[in-house]
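Based on these hints, arrange chain B on the given structure of chain A.
Top line first, the protein sequences correspond to chains A and B.
Using the working numbering, the first residue of the first sequence is number 35, and each one after it goes up by one.
Using the working numbering, the first residue of the second sequence is number 35, and each one after it goes up by one.
Bear in mind the hints are in silico, worked out from the structure with no lab data behind them.
Please note: incorrect hints may appear among the correct ones.
Since the list can't tell identical chains apart, any single copy or any two copies may satisfy a pair.
What the hints assert, rightly or not - 27 Å max Cα-Cα, derived BS3-like pairs, lysine-lysine:
#	residue 1	residue 2
1	K39	K264
2	K133	K361
3	K288	K37
4	K361	K37
5	K379	K359
6	K133	K111
7	K111	K134
8	K123	K264
9	K264	K111
10	K379	K343
11	K361	K379
12	K343	K264
13	K264	K37
14	K264	K359
15	K264	K361
16	K37	K343
17	K123	K37
18	K137	K361
19	K361	K123
20	K39	K343
21	K343	K137
2 protein chains.
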Amino acid sequence: MPKPKLFIPGPVDISPATYEAMCAPMIGHRGPDFEELYSSIQPGLQQIACTTRPVFLSTSSAWGVMEGAIRNLVQQKVLNLCCGAFSDKWFDVAQRCGKKAEKIQVEWGTPLDPDSVRSRLAEGGFDAVTLVHNETSTGVMNPLAEIADVVNEFDDVLLIVDSVSSFSAVPIATDQLGIDLLLAGVQKAMALPPGLSVFVASEAALARAESTPDRGYYFDFLEFARNHGKNNTPSTPSISLLQGLDAMVASILKEGLPNRYQRHAENNALVHQWVEERGFAHFAPEGYRSRTLTAVANNQEIDVPAFVKTVREKHNFLINGGYGKIKGRTFRLSNMGNETPESMKELLAALDDVLPEFV
Amino acid sequence: MPKPKLFIPGPVDISPATYEAMCAPMIGHRGPDFEELYSSIQPGLQQIACTTRPVFLSTSSAWGVMEGAIRNLVQQKVLNLCCGAFSDKWFDVAQRCGKKAEKIQVEWGTPLDPDSVRSRLAEGGFDAVTLVHNETSTGVMNPLAEIADVVNEFDDVLLIVDSVSSFSAVPIATDQLGIDLLLAGVQKAMALPPGLSVFVASEAALARAESTPDRGYYFDFLEFARNHGKNNTPSTPSISLLQGLDAMVASILKEGLPNRYQRHAENNALVHQWVEERGFAHFAPEGYRSRTLTAVANNQEIDVPAFVKTVREKHNFLINGGYGKIKGRTFRLSNMGNETPESMKELLAALDDVLPEFV
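Chain A extracted, bound-state conformation:
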């Protein structure tokens, strides 16, 4: 079967320019060629992450850094804000690291409520909060600024934010919001192949790490900080992906961040319009909908797996049939990465071509 164009919520299609950059000659990672690559990436990544701090490069998927955040930053007890597959799992992972964890659980499709975060933190005993900004499984974008404000009311509680599927597509004011640990993968809105994560640690986060025992080596944030001083990484980095990242960061800056945000918003709006005009509903409530993907509520009870399969077979586009326990009750359309209104319209036309067989 030919490989379809991807409209799943990551990974997404890779541009020829990115592939070309990834095929630059291999370089050694302990020497000036790598230091040059590393430092070339920094200023642009800092702009995208809205930070003046270093942006560390982890050779892992985002889960590695999500676990790393637990191992580095939690000493007493973490509060996991749970509203979908990935945020729920963070609660599980925290316990697997041997840490005390509690959670606020809202129903999938619902955003987190800042007030409930305040009341829970007021009970005391917590030293960290985890939040998934854009819960990819449900298409919910949580009220990051409001939750950040609440967490910042509590001294000594660090805010850990997963922006895996929002990074570079919507502004995330890392420094201004007082986010202590921001992390993202690169295979979502950044449109790189997976295998690499980026993260920013506040001074408070690094100070906390210093006194956290058993944080290991591979995800030790202090090792990242120490090696950053030498324009390097603690372990052998994923050099080809960094060469691709370097090119992608340059291309994002060339596009301009406001334009990039705008393009994602426009592409997203096209999908929203399609959802509404075709009589579907949104799985996420208004005001809390992701700008990079749309989780469509299957209110028309179409046969989602067959729909996904037919779209692929007839048009060679791959969409996603829902994640985990809401598989089939939802399907997901991504607009992240390099897509344009034109390419989104091609997808929507393909869906229109196939949909009549199913409703």
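The following block gives chain B in isolation, referenced to the frame of chain A:
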């Protein structure tokens, strides 16, 4: 400055065929396209690893799995066999994971002695041993079979082996030797870009992991085993590197493993001959020399950094000027990956061209 051809001990040059494979269309990692890729890689990797067990794919450098081995397999106390930068560091990493660790330390450039391993294990209290088969920093290849035999004399002591820079270049009889955890990176003799590691866990290793607390998620060996059953990985994998790996495994099988071992041995012998004929010495003793790189003892006290620099500037070849505390006292010439007698002779001719300025 143009990027040099790499004769450093990893990463090494990537072939056009590998780059081409890495640029295949991106695929989703939760679906049949990825399952097909995953299962396509397995039989060949199993042959290379001399195992009938699954070969797990970790999106990390080898250090991730080296730390994972500690977190999954050590409950009582680990014995780290230390003979160079990487094996020494494993002792440090074990302690950073909060585990009890002791070490046998031999001088850099010396191999481990199986008898000393036996006496130390006989003291009791250990449940795991770490061994770096081919210590890349010193060019020493340790007597794997002999040490494995010793460790196997002790029930309940697991043998963890790093074959990062020997994997696919020399035979490693994983199953036959009773290795409980074999791990390797792919950027050494496999000649892929870095960012991916492979590992094999014995039944005893998986059984041990089951009762080891706080092993986390990202490197939880049981998660790898569970997902392997679905031809998948616990976290989003480095898909482009796996596409490259698939092509490389096919190319290794096409070359034939005995031919590949032979080619590495021949290339290595050419370098050894050069070392001896030019009046240099080996840093590693006879019988314990790596087959993938040569650590040259700088007995002629040449200015190594200037030598390395001149070789690059005049011939665009990059060699390595020694690792860590033996920088300058040694320099290292790699023959791993896709090199041929012809390409090795080009390197040696370049060294000959430059050497007279330095001796």
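Intra- versus inter-copy proximity for K264 and K343 (alpha-carbon distance at most 27 Å)
between (49 Å within a copy, 20 Å between copies)
Within a copy, between copies, both or neither: which one fits K133 and K111 at a CA-CA cutoff of 27 Å?
both (7 Å within a copy, 22 Å between copies)
Please work out whether the CA atoms of K264 and K359 approach to 27 Å or closer within one copy, between two copies, in both situations, or in neither?
Cα proximity of K264 and K359: across copies only (18 Å, versus 45 Å in one copy).
Taking 27 Å as the upper bound on the Cα-Cα distance, should K39 and K343 be classified as within, between, both, or neither?
within (13 Å within a copy, 46 Å between copies)
For K264 and K111, with the copy left unspecified, which applies at a CA distance of at most 27 Å: within, between, both, or neither?
neither (34 Å within a copy, 34 Å between copies)
Within a copy, between copies, both or neither: which one fits K288 and K37 at a CA-CA cutoff of 27 Å?
Result: close only across copies, 26 Å inter versus 30 Å intra.
Pop the pair K379 and K359 into one bin, within, between, both or neither, using alpha-carbon distances up to 27 Å.
neither (29 Å within a copy, 60 Å between copies)
Intra/inter-copy verdict for K123 and K37 if alpha-carbon distance must be at most 27 Å:
This pair counts as neither: shortest intra-copy Cα distance 30 Å, inter-copy 43 Å.
Check K361 against K379 for me: Cα-Cα at most 27 Å, and say if that holds within a copy, between copies, both or neither.
Answer is within: at 25 Å inside a copy they meet the 27 Å cutoff, but 59 Å across does not.
Intra- versus inter-subunit Cα pairing at 27 Å for K123 with K264
The answer is between: 19 Å across copies meets 27 Å, while 35 Å in one copy does not.
Identical-chain pair category, K379 with K343, by Cα at 27 Å:
This pair counts as within: shortest intra-copy Cα distance 19 Å, inter-copy 54 Å.
Within a copy, between copies, both or neither: which one fits K343 and K137 at a CA-CA cutoff of 27 Å?
So K343 and K137 fail the 27 Å test inside a copy (37 Å) and across (56 Å) alike.
Hints 2, 5, 9, 17, 21 from the earlier list are contradicted by this structure; the remaining hints agree with it.
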